[in-house]
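Chemist: Sequence:
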Amino acid sequence: MKHLFTPYTLKSLELKNRVVMPPMCQYAVSSKDGIVNDWHYNHYVSRAIGGAGLIIIEMTDVEPNGRTTDFDLGLWSDDQIAPLKRIIDACHQYGAKVGIQIAHAGRKAEDADIPVAPSAIPYDENSKMPHALTTEETKEMVEKFRLAAERAIKAGVDTIELHAAHGYLIHQFQSAFTNKRTDEYGRDLALFGKQVIRAVKGVMPAQMPLIVRISAREYVDGGYGIDESIAFSKEYKDAGVDLIHVSSGGEGPILAHGKPGTHAAYQVPLARDIKQALKVPVIAVGRLDEPVLANSVIGNEEADLVAVGRGMLRNPYWALEAATALGKETEIPGVYGAGFSLKK
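Letter by letter, the sequence shown follows residues 0 to 343 in numbering that gives the first Met the number 0.
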């Protein structure tokens with residue numbers, strides 16, 4: 000039977016297990032250059048040593064004004080390639096594969112002088128009024144995603160994830176809650192996302208899989224739900240997406256009944272629905288820190304991979320601890336094996 004520590008292969012991506020470290024912003028850049036530093040090196044390489052099968056580097060933006068804050072990473076300059084490659088090469092030494100999440104914060108770019116968005120709608124009452132991208136500016140933004148993907152490939156990534164979740168720019172275009180345009184990008188809410196997907200696929204090696212992270216449900220009045228997300232996810236799959244990372248929310252103040260994320264595995268049903276409807280592999284995420292629970296998501300075939308965020312922030316060796324708890328064989332580097340007693 001499939002379990003958390005069975006291998007997984009998708010095209011050229013060969014993972015030793017199904018444990019994913021999801022992208023989590025570190026806000027650790029000491030200057031405004033968007034370049035990884037020693038914090039990022041220690042942060043990611045320790046999780047590779049700790050047994051993660053796939054590490055997805057945090058939201059990395061296509062232009063300086065596309066960052067949530069000035070302390071986020073970027074891929075708008077060739078100067079950002081070599082430091083990133085150093086981290087990726089080191090993670091590879093310990094058997095982890097590495098992806099990177101390419102993104103633009105859109106109206107959620109807090110430190111931008113004038114953020115941009117599909118429509119001139121601020122994120123909340125404390126946010127800056129964004130500039131509504133013109134049709135030509137939107138096409139130029141697609142090219143910025145393509146160039147960032149080229150740099151990621153030069154840095155040696157094994158896969159690329161596009162951030163179309165959590166209220167960031169692609170999400171803003173795909174949602175009627177934030178996209179009030181009347182041009183082609185308003186008539187087809189998925190158009191911007193599809194163009195970014197095709198542009199990025201155009202520079203990726205043929206066998207490298209492309210991931211998209213989506214919010215499968217919006218927690219606002221007038222937001223979309225699972226039916227709409229299945230529809231645009233199908234369009235993204237047809238445009239070239241190979242794997243869907245299923246999250247939710249992020250588009251505005253939470254107005255739904257009950258705050259989301261208050262119980263374990265609250266997003267797994269969304270991942271299962273996407274997987275079943277589209278016959279596409281998915282990553283489940285959201286309070287899956289307990290090994291038995293994470294393992295059950297794989298065993299019950301609700302998802303193909305499981306992303307563990309908070310658990311890996313607490314413990315870089317979460318995957319090794321999970322293997323011990325589940326009695327599964329896994330490779331433990333160096334003399335670290337003395338610290339783990341696998342149950343038989």
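Be aware that one or more of the hints could be misleading.
[What the hints assert, rightly or not] Straight-line distance between alpha carbons at most 20 Å, and here's what the computed SDA-like set of lysine to any residue pairs gives:
| no. | residue 1 | residue 2 |
| --- | --- | --- |
| 1 | K143 | Y40 |
| 2 | K179 | H91 |
| 3 | K10 | G249 |
| 4 | K15 | G249 |
| 5 | K1 | Q206 |
| 6 | K31 | I80 |
| 7 | K236 | K179 |
| 8 | K278 | N299 |
| 9 | K233 | D288 |
| 10 | K1 | E328 |
| 11 | K84 | Y184 |
| 12 | K15 | T133 |
| 13 | K1 | V202 |
| 14 | K10 | Q206 |
| 15 | K233 | N299 |
| 16 | K153 | Y40 |
| 17 | K143 | Y184 |
| 18 | K179 | G239 |
| 19 | K153 | E124 |
| 20 | K84 | V202 |
| 21 | K31 | S45 |
| 22 | K15 | Q275 |
| 23 | K153 | G249 |
| 24 | K1 | G336 |
| 25 | K179 | E149 |
| 26 | K200 | Q275 |
| 27 | K143 | R197 |
| 28 | K138 | R180 |
| 29 | K179 | A238 |
| 30 | K143 | D226 |
| 31 | K143 | H91 |
| 32 | K31 | S76 |
| 33 | K138 | I80 |
| 34 | K179 | K274 |
| 35 | K143 | G222 |
| 36 | K15 | H2 |
| 37 | K143 | A238 |
| 38 | K15 | H91 |
Quick caveat, the hints were computed from the structure, so don't treat them as lab data.
Chemist: Look at each hint and say if it fits the structure.
Modeler: Structure-based check of all given hints:
1. The hinted pair formed by K143 and Y40 fails the criterion: a straight-line CA distance of about 25 Å is larger than 20 Å.
2. Only pairs whose Cα atoms come within 20 Å are accepted, and K179 paired with H91 is rejected, the gap being roughly 44 Å.
3. Proximity of K10 to G249 is assessed by CA-CA distance (about 31 Å); at most 20 Å being required, the pair is judged violated.
4. A C-alpha spacing of about 31 Å is found between K15 and G249, which places the hinted pair above 20 Å, so the restraint is violated.
5. Restraint check for K1 and Q206: not satisfied, since their Cα atoms lie roughly 24 Å apart, outside the 20 Å limit.
6. Distance check on the hinted pair: K31 and I80 sit about 16 Å apart at the alpha-carbon level, within 20 Å; holds.
7. Proposed proximity of K236 and K179 is contradicted: the alpha carbons are some 24 Å apart, above 20 Å.
8. For the proposed pair K278 and N299, the alpha carbon gap of about 15 Å is at most 20 Å, so the pair holds.
9. For the hint linking K233 to D288, the alpha-carbon distance of about 29 Å lies beyond 20 Å, and the restraint is violated.
10. Of the supplied pair hints, the one linking K1 and E328 holds, its CA atoms being roughly 14 Å apart against a limit of 20 Å.
11. Restraint check for K84 and Y184: not satisfied, since their Cα atoms lie roughly 35 Å apart, outside the 20 Å limit.
12. Straight-line distance between C-alpha atoms of K15 and T133 comes to about 45 Å, which puts the hinted pair past the 20 Å bound.
13. Straight-line distance between C-alpha atoms of K1 and V202 comes to about 33 Å, which puts the hinted pair past the 20 Å bound.
14. As the CA atoms of K10 and Q206 are separated by approximately 5 Å, the hinted pair is consistent with the 20 Å bound.
15. About 23 Å separates the Cα atoms of K233 and N299, which puts this hinted pair outside 20 Å; it is violated.
16. For a cut-off of 20 Å, the pair hint linking K153 to Y40 stands: about 18 Å separates their Cα positions.
17. Between K143 and Y184 the alpha-carbon distance is near 17 Å, which keeps this suggested pair within the 20 Å criterion.
18. Proximity of K179 to G239 is assessed by CA-CA distance (about 26 Å); at most 20 Å being required, the pair is judged violated.
19. Restraint check: the Cα-Cα separation between K153 and E124 comes to about 40 Å, which exceeds 20 Å; the hinted pair is violated.
20. For a cut-off of 20 Å, the pair hint linking K84 to V202 stands: about 18 Å separates their Cα positions.
21. Of the supplied pair hints, the one linking K31 and S45 is violated, its CA atoms being roughly 25 Å apart against a limit of 20 Å.
22. Between the alpha carbons of K15 and Q275 the distance comes to roughly 24 Å, so the proposed pair goes past 20 Å and is violated.
23. Between K153 and G249 the CA atoms are separated by roughly 31 Å; this puts the pair beyond 20 Å, and the hint is violated.
24. Under the criterion of a C-alpha separation no larger than 20 Å, the hint pairing K1 with G336 is inconsistent with the structure, at around 24 Å.
25. Straight-line distance between C-alpha atoms of K179 and E149 comes to about 31 Å, which puts the hinted pair past the 20 Å bound.
26. At most 20 Å may separate the alpha-carbon atoms for a hinted pair to count; K200 and Q275 exceed this at roughly 24 Å.
27. The straight-line distance between the Cα atoms of K143 and R197 is roughly 13 Å, inside the 20 Å bound, and the hint therefore holds.
28. A hinted pair counts as satisfied when its Cα atoms are at most 20 Å apart, and K138 with R180 qualifies at roughly 15 Å.
29. Taking the CA atoms of K179 and A238, the gap is about 23 Å. The hint is violated against a cut of 20 Å.
30. Distance restraint check for K143 and D226: the Cα-Cα separation of roughly 30 Å exceeds the 20 Å cut-off, and the hinted pair is therefore not satisfied.
31. Pair hint K143 plus H91 does not hold up; C-alpha atoms about 27 Å apart against a cutoff of 20 Å.
32. Our distance criterion of 20 Å between C-alpha atoms is met by K31 and S76, whose separation comes to about 12 Å.
33. At most 20 Å may separate the alpha-carbon atoms for a hinted pair to count; K138 and I80 exceed this at roughly 24 Å.
34. Taken as a hint, the K179 and K274 pair is broken in the structure, with Cα atoms around 30 Å apart against an allowance of 20 Å.
35. The straight-line distance between the Cα atoms of K143 and G222 is roughly 28 Å, outside the 20 Å bound, and the hint therefore fails.
36. Under the criterion of a C-alpha separation no larger than 20 Å, the hint pairing K15 with H2 is consistent with the structure, at around 12 Å.
37. Between K143 and A238 the alpha-carbon distance is near 18 Å, which keeps this suggested pair within the 20 Å criterion.
38. With a C-alpha separation of about 12 Å, the suggested pairing of K15 with H91 holds against the 20 Å cut-off.
Of the hints listed earlier, those the structure fails to meet are numbers 1, 2, 3, 4, 5, 7, 9, 11, 12, 13, 15, 18, 19, 21, 22, 23, 24, 25, 26, 29, 30, 31, 33, 34, 35, in rising order.
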